[in-house]
Amino acid sequence: MNRIKQKLQEDKKILSIYFTAGYPQLNDTVKIIQDLEKNGVDLIEIGLPFSDPLADGPTIQESSTIALKNGMHTELLFEQLRDIRETVSIPLIIMGYFNPVFQYGVEDFCQKCQNIGIDGLILPDLPLDVYQEEYEPIFKKYGLINVFLITPQTSEKRIRAIDKASDGFIYMVSSASTTGAKSGFGTEQTHYFDRIGAMELNNPQIVGFGISNAETFDQATKNTKGAIIGSAFIKHLTQNGVDHISDFVNQIR
Amino acid sequence: MTYHADERGYYGEFGGAYIPEMLYPNCEELRQNYLRIMAEPSFQEEFHQLLKDYVGRPTPLYFAKRLSEKYNTKIYLKREDLCHTGAHKVNNTIGQILMAKKLGKNRIIAETGAGQHGVATATVCALMGIKCVVYMGEIDIARQAPNVARMKMLGAEVRPALSGSRTLKDATNEAIRDWINNPVDTHYIIGSVVGPHPYPDMVARFQSVISEEIKSQLLEKEGRKNPDYVVACVGGGSNAAGAFYHYLDEPEVGIIAVEAAGKGIHSGESAATSALGKVGIIHGSKTLLMQTPDGQITEPYSISAGLDYPGVGPLHAHLYVSGRGEFISITDDEAMKAGLGLCELEGIIPAIESSHALAIFEDRKFKEDDVVVVNLSGRGDKDLQNYIDYFNL
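These protein sequence lines are chains F and E, in that order. Heads up: the first sequence begins at -10 in the numbering used here, then just goes up one per residue. Heads up: the second sequence begins at 104 in the numbering used here, then just goes up one per residue.
No wet-lab data here; the hints were simulated from the structure. For every residue, glycine included, the Cβ atom is placed at its ideal position computed from N, Cα and C. Please note that a few of the clues may not be correct.
Computed, partial: chain E to chain F, Cβ under 10 angstroms [stated by the list, open to error]: (1) Pro123; (2) Ser266; (3) Val382.
With the rest of the complex left out, here is chain F:
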């Protein structure tokens, strides 16, 4: 069974951490993954850096720019991850924008992911209809879960369609924003979380955007399966490097 699905069956709230591959240093990728697993994180999103990350705020943009300057590229990331399954069993997702995947070749990319032991992809600018018409069979062939996003503005009809197309979890963007733009949740978010909860979707929801500490993690996971932290972890890496990852994870839960 796909490691993501297996993890989602556990009776616990999922803590997922995003980091940008190649940041802060080009070869930090494996150490970050190992340390995150060691400290009890449930799921990892490995960011494939892109020159024009539309949905990201300044923190992740900056980390992507530096990662690319450091020399990160798709083939190199695959090389770094080649033996990753010898040391970790945590579910791994690659998150990035569609163009680098498209240039690599979607089928080649997916095949490589399967060889390495990647469990899923999040490509925010690969729209639902294009995925279903052109790429779904390829993702399925290589055992990859494709994760779709929903936002507070997503209509109920579309949420149902996304739920139907999903086979793992739904990435629930907490507010209308780019990553790292807002911190904390107000009543608007609480109502949104409740509203989605009441829809009784087939796929569990994991909340992203706006989660940076124990308080926001607890708020976000009260009625959902888990939460994703990205920008706050990148900031921690910027300030502390890769030697104090346990400090960050332990303050979340």
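Please arrange chain E on chain F, whose structure you already have, making use of the hints.
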């Protein structure tokens, strides 16, 4: 076979809406309403009234006698340089500000490179009394001070794009991020036939007034609606889309798109997207774009700030790949020389963008009785410093 967008915004394999879910409701609202709103008689009436009384349309179709004699063919210039604000850009911003009002939006955002689209957007926002934020790359703000001042005088807030390469593509990213953060009250006025569906089609329709006028004006002057060729420069491609629009499905009309070769196609400093680009995704559209083998978008170069976009509108990618359009690239030097040539022969100082279109006559020969319409997309006031530096004036 048609060269127009299909229902889902595809031109052949190009176009579509490759957008994150955060943008889906914004684009969907526009997609579901733009054709209906544009078809409303009240919209058409207001749009055409403003184009006439405010922009100064129809712009003349001018027979360039001395230029024609020099190149031994019949050259007409479509004088978009005479539009209010100095370029064709305002055709689109008039249309989109009316669209924004119909959609109940009370805040406008835009991206700008050289500042022409920013000025055209700030202008219509002032006209309508709507709040306006223009994103502009930090580097472009420094290079284009007069246009920054114009936008400020017109009441717009100019926000520097500090990310990436701090030029047009990054200003576009910042505008899109703003739209993600303000999905309900804000309309994004994209300045070219780029971006996710329905933008390329909507902007082309607003700009199509150019070829609509050419048809009736040419009929008056030459007794026929169709020229043998229509020529326009292409960065993102909005003036070209407007000049080509009503000729796309008329195979007897040759379509010539002129790209900026910069210092030469293979110099590493170029913006000739058809020659150097590969299929990919930029700003929500599948099209040809300049990128590394790894799919990172690269920074183009041209002496003309309006042509240095790393992608090209999906319509033009389709015209190129299908062979419907003839694509020519012109270097900085060729364009500058052609710009000065127009000054000397016709008393018109063209924008450097438009000078690229004028430069094709040196190498591309036409028959003596060919009727060639060149879209003179803008005037050269904004480029004076470039002309001064280049020619040591």
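### Query
Which numbered hints are broken by the structure, listed smallest first?
none
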